Amino acid sequence: MENTSGISGLILKEDFLWNKSRKGRCGISIPKQDVKQSLLDPELTGDAPELPELSEFDVVRHYTRLSQWNFGLDSGMYPLGSCTMKYNPKTNEVQAARPGFAGAHPLADEELCQGALEMMYNLEQFLAELTGLEAVTLQPAAGAHGELTGMLAIHAYHEKQGHQRSKIIIPDSAHGTNPASATLCGYKSVNILSGKDGILTPESVAEVMDEEVAGIMITNPNTLGLFEENIKEIADIVHDKGGLVYGDGANLNAIMGIVKPGEIGIDVLHFNLHKTFSTPHGGGGPGSGPIAVNKKLEPFLPVPRIAKNGSTYALIQDTPDTIGRMLTFYGHFGVLVKAYSYILSLGGKYLKKTSQLAVLNANYIKESLRDDFFLPYDRPCMHECVFTDKNQEKNNITTLDISKRIIDYGFHPPTIYFPLVVHGSIMIEPTETESKETIDEFIAALKQIAKEAENNPEILKSAPHLSKVSRLDEVAAARKPMLRG
Amino acid sequence: MENTSGISGLILKEDFLWNKSRKGRCGISIPKQDVKQSLLDPELTGDAPELPELSEFDVVRHYTRLSQWNFGLDSGMYPLGSCTMKYNPKTNEVQAARPGFAGAHPLADEELCQGALEMMYNLEQFLAELTGLEAVTLQPAAGAHGELTGMLAIHAYHEKQGHQRSKIIIPDSAHGTNPASATLCGYKSVNILSGKDGILTPESVAEVMDEEVAGIMITNPNTLGLFEENIKEIADIVHDKGGLVYGDGANLNAIMGIVKPGEIGIDVLHFNLHKTFSTPHGGGGPGSGPIAVNKKLEPFLPVPRIAKNGSTYALIQDTPDTIGRMLTFYGHFGVLVKAYSYILSLGGKYLKKTSQLAVLNANYIKESLRDDFFLPYDRPCMHECVFTDKNQEKNNITTLDISKRIIDYGFHPPTIYFPLVVHGSIMIEPTETESKETIDEFIAALKQIAKEAENNPEILKSAPHLSKVSRLDEVAAARKPMLRG
Amino acid sequence: MRYLPHTEQDIQEMLKKTGHTSLDDLFKTIPAQCQLKKELDLPEALTEWELDSHMEELASLNAAFPKQKIFIGAGSYPHYIPSLIPYIAGRSEFATAYTPYQPEISQGTLQGIYEFQTMITELLGTDVATASHYDCGTALAEALLIALKKKKKLNKIALSSLIHPHHRQIIKTYLDPRGCEIVDLPFKDDGTTDFSPLDAMDDIAGIAIQSPNFFGCIENLEQAKAIADSKKALFITSFTECLAYGLLKSPGKCGVDLVAGEGQSLGIPQSFGGPGLGILTSSKKYIRDLPGRYVGRTKDKNGETGFVLTLSTREQHIRREKAGSNICSNNGLNALTAGIYLAAAGKNGIRALAQLNHDKAVFLEKELHKAGFTTPFSQPFFNEFVVKAPKGFKEKRDAVKKNKGMVPGLALEKYYPLLKDHYLFCATEVFSKKDMETMVREVK
Amino acid sequence: MRYLPHTEQDIQEMLKKTGHTSLDDLFKTIPAQCQLKKELDLPEALTEWELDSHMEELASLNAAFPKQKIFIGAGSYPHYIPSLIPYIAGRSEFATAYTPYQPEISQGTLQGIYEFQTMITELLGTDVATASHYDCGTALAEALLIALKKKKKLNKIALSSLIHPHHRQIIKTYLDPRGCEIVDLPFKDDGTTDFSPLDAMDDIAGIAIQSPNFFGCIENLEQAKAIADSKKALFITSFTECLAYGLLKSPGKCGVDLVAGEGQSLGIPQSFGGPGLGILTSSKKYIRDLPGRYVGRTKDKNGETGFVLTLSTREQHIRREKAGSNICSNNGLNALTAGIYLAAAGKNGIRALAQLNHDKAVFLEKELHKAGFTTPFSQPFFNEFVVKAPKGFKEKRDAVKKNKGMVPGLALEKYYPLLKDHYLFCATEVFSKKDMETMVREVK
Ligand SMILES: Cc1ncc(COP(=O)(O)O)c(C=O)c1O
Ligand SMILES: Cc1ncc(COP(=O)(O)O)c(C=O)c1O
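Residue numbers (the working numbering), protein chains in the order written: chain A, 1 to 485; chain B, 1 to 485; chain C, 1 to 444; chain D, 1 to 444.
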């Protein structure tokens, strides 16, 4: 383990909040009582909830210690495939925290919200331009929520056409949210297999496409990091039978300024602003999943929509064919501010460069590790590349072992066991904000791990060794769930 | 090592900035060139300095990793004696960062700085009230700088009296800055010893006090954590011979609302706002060391001073007897804002409570550890208590060993080998913001270490074991200094 | 560009390794007819400083807390946020991590969410809570989906008309594809839900009400529970003002099956409506029905306590088209934030704040009353209430809105066409007595 | 009070252990006549929210960057601060640590300061730099103390009258007790220091000049060095605008012995003048003379590279009354901040910024020239310069100050009584062309 970033250092244990509680402490300021107290009917009130009682410092120290058990993107490379863990610029946080944004009320009168509406209007324009699609809604709260919104629009479209359909085509490499979203719209998933080079063939689509199929959900580049080269033909096949093409835009980071989804047959596409557009993922969210649609689907977008009249902005609360509403207010506004800031900071030129370098980094890793790990699809990749543990099988080493060992080297492991279509997949997405030196270190670590798999497999089996805890018993966790203290 | 906070976890190595540099990178935005470029005479210009070239993310990750090698107050208990490592409230940071403060120019016209001046004026009033002294200057940049300011005022006072003096009395328990500050004023230090119970006797002062002595520098409570009970008599002795009494206020946290230094014979006192008043120490500063003086010394305070005229505030740029100026502008204003916020957050009532609890915590530790470590002065203490390694000597264990072993238990070690007057001193100042539970853990750790010193001294000798680096070679560092990369 | 680390030399060296001649060449697998022919029509890159001034300009066009006094709640509440909260939640170890797929290096997020789950169930008297949902509206829609799943043969649900109108819209949107019938429960004169339309029905999968409801009134959950039980329907409640449960009897205590709520009040900025925090919590019975992530406690190989995401066999990434929900990313950092808030406020703080919110609202209602407003609904409220405004109010409201930066209440007619001249007002701890008096004076 | 964790029960248990009957009882060793008889006369405790509004009110009374355009430098410069800087420097591991007395758990601060020392010497062409001093004025005073220490027999120093007037005051204050003679070097018509008073002297311990000097003019350091050499005096320079050395020939290259400087421009907010960053750096020769902390590189027991505070035998805590300086706490976090700034800007950034500052100042000077201002000094400047204003300027200046939130220049008469109607202007990268044109139009 020479030349590796992972080493061991002092961190601090920390008990549960409630074990640190002592009766009578309170960690916040209670505003002074300047009006009379009014007691509610005791029938309506309950006992005060048994929350922990702590001083302000207790709370600060508790969570500071917890944070120190976490590996963040600012700690090190985080090549989680399909997640686009690029640098989260600090200026974005400053913008979102401006009191004029953070303190704005969603139901204040429109003329008091012109700045917020202008920002959202502009962002819609930018996202439309990036995709070559007509119209955008910023409402969806995350990628999956965007999928649902898009699929509901497709559902409404078919309804409007007078003939609802019952099925949806989903490639085997699709993210789990795709079929789950389709199910929520009542569509039965028809799974199709990728071709032998990892991409869809027009034939496989043609085979299942009929007038009962509402459309297809396609991720392009797909989750193997490959561009679906037959996308136009596939779209034509689907369109010819009256179906629509849903684009999962999770992988947009590969193609900004290179391909406009709207120009290659995609009718509706969701964005993951928390991936492509640099907003932090927060250890699970909040994300933001706007969708862009073409003219066919625009009438079905959720309300409210944002309109510009001269120099003022207005909310259109109802449109005749809208699917309705997807979120209580207008979307994850605070996240939108960050994505908007990101787009403005890069402009068209550097967004394109972003995609170029993201693809360069992924190909560089692919080429550098091809002798060490098995490449199920040995073709030029886009922004991510997928290996498997096949070469290591003979030593009884799995993808899980490899990923845990990566932790010891000071990197976050790649996405593992997804896409399902590849056995034991290791999906590496470096993103463009990792420098060549960092990537070289990562490559060196993986090469060394491949050697260890040969010479010292036990060290992989027992990894990770440096983290606060070692491998956790997930089976016990699920068998007898303890979900609260 | 049961029940201890210190454990080992993953941290990350990080190379020097310059080893990560690649030609052509730049981590900041350069404003656009909207005016013509004007080249200076090449005689005047040099080559661009060879600074490292990094992307923004490189910089963020570099310093994030560095930070993770540090133990901060928010990480755990930091009972550094004489340093008053109390909780640094986050709201103080918010106040100092307000653009109206952080962006204020010190030389903008007075009427454009009324808020800043009002804050400083109020803070002076508060500090005067806390000490029972007449007037305050906020100018000194740190405690030692306050000492120098105060000693210069004493020097100017004697000059004004027509007879300059040559000596200053300094107890052996004084902080090193005291004699060093006196030397800067041309005073020769006359060291006196504390009495056998750790405090000064009037006799020892009387013995050396004469008309050549400018005054005495006293820390009260002193650095052994003991209240100088004879302070009034001592002050009388000094005053009787025309001398003045300088009070080192580093330990003010023990006596707020309990004793007013101005009422017990102190003529001038410095504050360490970065101790008593909760401003963060920043790994070395910036601190802030205002001084308060009585009427005798007020004429000599540095300029500018702040005056209130009706409802406006003004700077008085010159006073006839001023010693001059101690800092370019008005003091560490950003730090002053935090101390002011702290005082307002506690009010008189909770400042007093602060001192009571600080003293309670220290006495509790003293009583709890008295059987385990040697107490050189076995008396009720104030806000800190001093032990030594005498009990451990027989096992060849020193204060250094003990302190390094404390690290393994997840606490910052106490101050060691100060005050010099006690051999191998271990000076513990818990402060009032540590809870009883944390203190109980700390006590348990120290008891266990005392046992280890008996049963397993080697584990102390080789400590710390969990930190990023083990004991460092300080001798080599000093013998062949490498001060730059 | 300062975010892109590649030097020209890096690019050349890397291209050499990958065997490409140029950056463009990397994309040669993309058919030419798919490739964009012209440059993106987007603004030129701004410097950090240009961005600052552009954004400050936009931000300054909004009325916003704390500068403006906006006496509106209706799903988004102005509350004080202790400075420690953004400071701690903004630590990059929390903020820049992904979902904790690798538990060994994500124990901070995991313990933080586990503690959140615990405190939320404590607050609401329930047994289990998920790691979060998007917001109350979407969480409530999911709760109704659970009811429909549990009562497979039924395709009808009942919704109180005093559920936030936007939430009702969301539910309709979510349920539309399944042709589910939604029974609208009107409101009674006292400002609470009227269950009488259910009298003749026995095919209801779930009944949902909000409490405090959209009018601010506190619903009688025990009574509603009895009705639901008599119909063998799942009883679901929601809330938009989480702080109310510092004071009110918890839904769990009232026997509610599923609770969906909005956690924005727990230390999360209003941010023009999002991101908020969807809370989903229930009795043990529904542990395998709630959608989204759970954090569970377990042990590592060495017997040390640790945490993992668990019960994920319910989720889309395992069950795909058979999953009950499609949720993946949720509002995790806001859940952590709410956890920090609950820990800081604690038992006493949350109670005191809740009581103070109520006191302020009662004061404001009285002041408005004195100023000629009437209060149509008699049922007690928490920190929001409806008033009917006297003649001329609309004009005065417009005037103070413009000149004083105050927004007095939300017109209800848009949501309830019969409620002409009715306004929903909100008062929280952020409004001083003086703020309220000033506002009332201006609109009197 | 939320900062004080002790419950009543804690207090009772702890008092029992210590053997006291009450909190008051803890203070019984303090003689009664020393104890305060009444309560402190201080304001009542404010809540966090009251504090917020009080402080915002005070803050809003100040003219401040970026809202107001203050065309003044004179020791405090408005520069853009990248958002990453306060974010990173504000991490509690850096901000809440004390001086790194325990190096094993302070390697972050230590490496950060080591890198700062390195980059500062790189910027200034010197060999060693301390971990920081309070500010330029105090650092310069310390440099002169070194000169006096080195030349034990001499008690005379020469100071350029174009050193910041406040710094000259500090030096006088520091040196007064030793009765040291200060020779004042006047300025020449071109705006640089006139060394001619030294012609007849040969007992000067040190000569100090500032470059760019208080008038903004760039001094000829090589020439000054030659004069100092001819007098066998230590040659000391200072600067208030650190950014100048992104462009100018470094003092180290010009053979300067000791350099004292202000680092505020390197990512540190102006904050009404402090805390800034005192820089002290020199050639190797003075390594044991510079006051304050050094961070040095070494190895740990296992041979790993690490850092410690070193050469502390120079310092007060070891040498006490024999120490050359009394400095203890310094401005460490600002040194770290400056390090982050230098790392982020890098070689190209610092050069480009410096050039841009110069360009802006030249533009402003030309605009003022067109508007009837004259430029008395011919020597090139960096980003500050002196102009003589036409009649009526003072009144116009007062008017724009009030109405436009602009502060056009600093009147010099207060500092140099002969320079009536002379103003010192500053332009940095934060002023756009339009800002400057608007200001000039208003005062024309
Ligand atoms: C390909 C793909 N589609 C959809 C999603 C779902 O996005 P979200 O987590 O934002 O709901 C993901 C996220 O991991 C994804 O990788
Ligand atoms: C007793 C005492 N006096 C003076 C000082 C010097 O204060 P500063 O470090 O702020 O200069 C200290 C600081 O450690 C101290 O403990």
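Worth flagging that the hints you see were computed from the coordinates, not collected in a lab. Small disclaimer: the values here were computed from a predicted structure and weren't measured. Yeah, the Cβ is synthetic: ideal placement off N, Cα and C, and Gly gets one too. It cannot be assumed that every hint is accurate.
Here are some, though not all, of the chain D residues that point toward chain A, as calculated from beta-carbon distances under 8 Å [claimed, not checked]:
no., residue
1, Tyr-3
2, Leu-84
3, Asp-421
Holds or violated: is there a CB of chain A closer than 8 Å to the CB of Asp-421/D? Where the cut-off is 8 Å and the nearest Cβ of chain A is about 42 Å from Asp-421/D, the hint is violated.
So, Tyr-3/D near chain A? Judge it on the closest CB pair being under 8 Å. For Tyr-3/D, the interface hint holds, since the closest Cβ of chain A sits about 6 Å away, which is under 8 Å.
The hint names Leu-84/D as touching chain A; please verify it with the least Cβ-Cβ distance against 8 Å. 4 Å, holds
Consistency with the previously given hints fails for number 3 only.
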